[in-house]
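Participant: Top to bottom, those sequences are chains A and B. Residues in the first sequence are numbered from 945 upward in steps of one, following my numbering. Residues in the second sequence are numbered from -1 upward in steps of one, following my numbering.
Since the hints were made in silico from the structure, they are not lab data. Just so you know, even glycine gets a beta-carbon here, dropped at the ideal spot from N, CA and C. Check the hints yourself; a few may be wrong.
[Stated by the list, open to error] Residues on chain A that point at chain B, a partial pick, calculated with CB under 7 Å:
no.	residue
1	W973
2	G975
3	I982
4	E984
5	V995
6	A996
7	L999
8	A1002
9	F1034
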Amino acid sequence: MQSDGMMETLWPYLFIAIAGWLATDIWRWLGVLLGNRISEDSVWLIWVRSVATALVAAVVARLILFPTGVLEATPVSLRIAAVATGFVVFLIARQKIFAGILTAEAVLLGGIYLMQI
Amino acid sequence: MSTQPSFRQRPWFLLGMRGIFSIPALVLTSAVVGFCGFAYEAGISYGQAVFMMGIIWALPAQFVLIGAILAGASLPAAALAVTLSSMRLMPMVAALVPEIRTKSTPTWVLLVVSHFVAVTSWVFTMERLDRVPREGRVAFFTGFGLTLTTVNIVVVSVSYGVISHLPAMIGGALFFLTPIYFLTSIWASARGLEVYLAMVIGLVLGPAFHMADEELGLLYAGIIGGTLAFFLERLIAARRRAKSAV
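Here chain B stands alone, though its shape is the one from the complex (with noise of 0.2 Å):
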């Protein structure tokens, strides 16, 4: 190739950008100017809230970190609270580097970029892989990351105090927003049959999971619940293969 790498990731990272103009970006805006009500009426400071959204960039630890803060909890009660709700963040981004990196790109890239991992832009990018070339793919992922953070600390910083004013209805239709659009951009961008599998498993298991125990609840799920997706796609897909052979 005579292109350098440099103008080749170009374009992807300003289409990754463009991404900013999609229902999953708009959707997340509004959950963040849910956060934003949330933050004012838990007498969270203005700039405490904006520095919030930017270095920590997942609305569920935010969420979690202000009501251990609400609670009066510790240091070390907040952050054991904020890492339990973090975790999910790992098999997320585990999921995501091998299909993004290609042979060349350093691990102190990835590490950075790992940042703008949260829901919304890990299902935003797997559900449009398969339209990015591998070469273009960290650039893509990180135009659309960096820009959804920037443009979300601004969120922040225009709507705060301003949202307090809403009609509490217009913030439950805001915050609903969230559970629908994961569900069906999920669906929608699922590749295998196990993602399927571990979607039904997970909606089923979440709940009861929690009803145990709320605090670990989750990561039960979550691990439990994908491993029995995993070996049922397993057995399905051997299933196929036994079949095709005869």
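Bound-form chain A, shown alone (with noise of 0.2 Å):
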């Protein structure tokens, strides 16, 4: 009975382990053993960093078009209205991330406020 318990309190953290763990760091086990394969100057580091690029932003464009939680409730306008005048403040702003977080953070707020969402 007891090591049914154990069995209990353990499989979760096991299930994390394997499903989250070991199938997230993999690929990072790989990552390396293709980066070291590649040099510096190399058109392959050209292109996988395109590759990684382009990942990236594709998780970016998901995260503002299909957003999950509170922010699901807000219209998708809004979302990129305050993104693209974020990144826009960013560029006039001399490349200042900081400039293009708050005021994407503004719009949006100054958007959910208006709209009483």
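Dock the two chains into a complex; use the hints.
Facilitator: The following block contains the structure:
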């Protein structure tokens, strides 16, 4: 009986370790093995960097267009307007990241307030 | 060189640690607070939430895993969903490794520190690499990655259960920090034309492929978009070379 209780406590952690940790770190390890074969000035590095950047950009677009949680209740046009304004201000402000973030947040929160969501 | 490598590397480790007081670290920490609220609402226990934060160390994978647990997915199904979302880490690590290793960096060291690679630490390090001499880069990255991971494990253990009392609007604002931060910081840190191209193409292809295939869409967008950006960059670079030759 006691070992059953033990298993019940441990099982979620084992689940997280296999489905979370192993499923994630395997790609990090493969990345090391792949990256070890690429020299810094090779054309392959440019390709790998392009793919990595495009992937992150796709994640960003997904976070904006298909968010989960509270943001789901906000209109997609507001989210796009907030990010676009933030990005333009970032460019104008000589690529100051903080300026872009503050602007995007201000537009988002202002929009939420005005629309009474 | 008369100085020992360990002496030369120490300040770079400390400088990396200091990165915890930076906008990227602040943004990630806010996102982690958002994760806490999600985990709490989903019924993930305190210990499991803390464990997840440290051992997975990739917020999208953590959200996917909790989603799978909520849906009552089996272990293989949950692992498959998580592994699909984590595949993007491979090209990121592969792009980072040639920039930080030296000829004498042992592979096992890279395998160990690769655990700290997630979008924030990747963007942060890529942005600052040219200010760090090659022999200090692994130390710099490790200093930042280790500190960032440790601090955020502490953040989860402190803010779990507290966040559920915050108004929804603040949760939304915290969540929104991540996309605008990634967008601006990658743009600011780009050192080659291919990064700008890949960024724009990825932003367009991401949602398009997402609607076609929710699970693999991200990967398609990365591989196809990245390859497209790569060839465009090659084309433009060749044109420029041809022009300067004339």
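Participant: Are the hints correct? Go through all of them and say.
Facilitator: A quick look at each hint next to the structure:
1. W973: With a closest approach of 6 Å, the W973 (chain A) hint holds.
2. G975: Holds. Min distance 3 Å.
3. I982: 5 Å, holds
4. E984: This interface hint holds because 5 Å falls under the 7 Å limit.
5. V995: Result: holds, 3 Å to nearest chain B Cβ.
6. A996: This interface hint holds because 4 Å falls under the 7 Å limit.
7. L999: 3 Å, holds
8. A1002: 3 Å, holds
9. F1034: 5 Å, holds
The structure agrees with every numbered hint stated previously.
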